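If you count the sequence shown from 1, position 327 lands on 329 in the numbering used here, and the numbers rise without skipping.
Derived from the structure by calculation, the hints contain no laboratory data. Incorrect hints may appear among the rest.
Unchecked claim - When the alpha-carbon atoms are kept at most 25 Å apart in a straight line, the in silico DSS-like pairs for lysine-lysine are as follows:
(1) K98 with K81
(2) K99 with K152
(3) K12 with K28
(4) K310 with K125
(5) K152 with K28
(6) K81 with K115
(7) K125 with K91
(8) K99 with K12
(9) K250 with K310
(10) K310 with K255
(11) K125 with K81
(12) K115 with K125
(13) K98 with K12
(14) K81 with K129
(15) K129 with K152
(16) K115 with K91
(17) K98 with K28
(18) K99 with K115
(19) K91 with K129
(20) K317 with K129
(21) K115 with K250
(22) K298 with K310
(23) K298 with K317
Stated by the list, open to error - Simulated restraints, written as ranges between beta carbons of each label pair:
(24) E17 with K115: 32 to 38 Å
(25) S321 with F265: 52 to 58 Å
(26) Y304 with H195: 49 to 55 Å
(27) Y304 with D51: 28 to 34 Å
These numbers come from a predicted model, not from an experiment. Each residue gets a CB set at the ideal place from its N, CA and C atoms; glycine is no exception.
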Amino acid sequence: MLLQELWLLKINWDEPLPSYIETRWKSLREDLTRLASLSIPRWFNTHQDSIIELHGFSDASTLAMVAVIYITVISPFTKLSVATLVCSKTRVAPLKKLTIPRMELGAAVLLAKLMHYVQARIKLNVKNIHLWTDSQVTLVWIKSHPSRWKDYVRNRVTSIQELTAGAHWRYVPGASNPADCASRGLSTHQLEHHDLWWTGPPWMTEPSQSWPAQPTLCEDSCAPEARPGATQVFKAQTLDYHWDLIYKYSTLKRLIHITALCFRIIARMRRLNVKSLHAPFYTPDDLELARIFWIKATQSAYLPHELKMLSSDAKLPSSHVLSRLTAFLDEHGVIRVGGRLENSQLSYD
3 MLLQELWLLK
13 INWDEPLPSY
23 IETRWKSLRE
33 DLTRLASLSI
43 PRWFNTHQDS
53 IIELHGFSDA
63 STLAMVAVIY
73 ITVISPFTKL
83 SVATLVCSKT
93 RVAPLKKLTI
103 PRMELGAAVL
113 LAKLMHYVQA
123 RIKLNVKNIH
133 LWTDSQVTLV
143 WIKSHPSRWK
153 DYVRNRVTSI
163 QELTAGAHWR
173 YVPGASNPAD
183 CASRGLSTHQ
193 LEHHDLWWTG
203 PPWMTEPSQS
213 WPAQPTLCED
223 SCAPEARPGA
233 TQVFKAQTLD
243 YHWDLIYKYS
253 TLKRLIHITA
263 LCFRIIARMR
273 RLNVKSLHAP
283 FYTPDDLELA
293 RIFWIKATQS
303 AYLPHELKML
313 SSDAKLPSSH
323 VLSRLTAFLD
333 EHGVIRVGGR
343 LENSQLSYD
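Based on the sequences and whatever the hints tell you, model everything.
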């Protein structure tokens with residue numbers, strides 16, 4: 003940050019520094035001499051049967067973006083959980099001024115890339131990955147489909163979702179966010195005895211029931227980044243359930259098969275439709291049910307007003323594209339189109 007400030011002042015290498023910067027540099031240089039007193043353990047307290055989880059935190063300020071990762075290990079002998087700092091990364095804020103929400107999103111991208119890097123190199127059997135941010139706006143963006151947002155947000159959300167597929171994004175209060183330490187800055191003396199930085203928040207080693215409560219996310223503050231014409235109706239928690247499952251599978255066929263299996267397991271647990279449960283696996287009917295589920299979920303997310311009007315037998319505006327296609331709801335509640343397709347020899351499905 004000091005170098006960036008010098009660059010902005012356009013000071014040549016042979017010019018004397020302004021007095022206030024010279025004072026800051028001398029203070030920084032003196033502080034750096036104390037780094038020799040710090041030591042970082044290289045062993046993560048892992049054993050063959052340890053239960054391992056990774057926790058990543060991101061934060062941003064007007065000066066920098068930060069990502070930090072911890073590993074929690076439950077010992078197979080004592081059953082106690084221990085948290086250890088794995089690594090961190092800091093990036094200076096770009097010269098072009100960004101809004102705080104965009105900075106927080108940039109910090110989330112930094113965390114996603116760092117976590118992807120750590121996963122590829124620690125060679126451990128990680129049970130779960132939890133990613134934390136204190137920006138609720140960032141969470142709404144990440145938990146929604148990328149196409150809902152303008153290019154800047156969409157591109158970064160796409161990257162985050164691809165890099166962290168299968169991970170759980172959560173909200174953390176700022177006071178419990180260790181990444182906040184780096185985004186604001188600490189002296190070596192402060193860092194030496196800063197437990198939040200070295201081992202993360204205390205609740206991280208406790209059962210998940212003790213973790214921070216997750217707030218109801220509101221999309222109103224995300225409106226400036228919404229793509230014009232995009233539907234803003236689903237709450238983030240509703241989207242979270244659907245899109246989190248979508249991002250775990252790379253093909254529609256696999257997604258439908260997994261969804262069909264989930265439906266069958268749910269039916270088994272509820273003891274519904276006993277006759278159909280004798281089959282050891284899902285049937286073609288189960289696959290069709292799963293396919294219809296995802297069609298309806300997508301239409302509910304992006305065509306809610308049209309669904310509401312069609313379900314109440316109201317007519318769509320004549321200017322609406324679906325009006326010209328004679329849209330209607332089939333027996334499953336799925337929007338279909340008629341028009342000249344009715345005269346086609348194509349299958350109804």
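Provide an ascending list of the numbers of those earlier hints which the structure does not satisfy. 1, 4, 5, 6, 9, 10, 15, 17, 20, 25, 27
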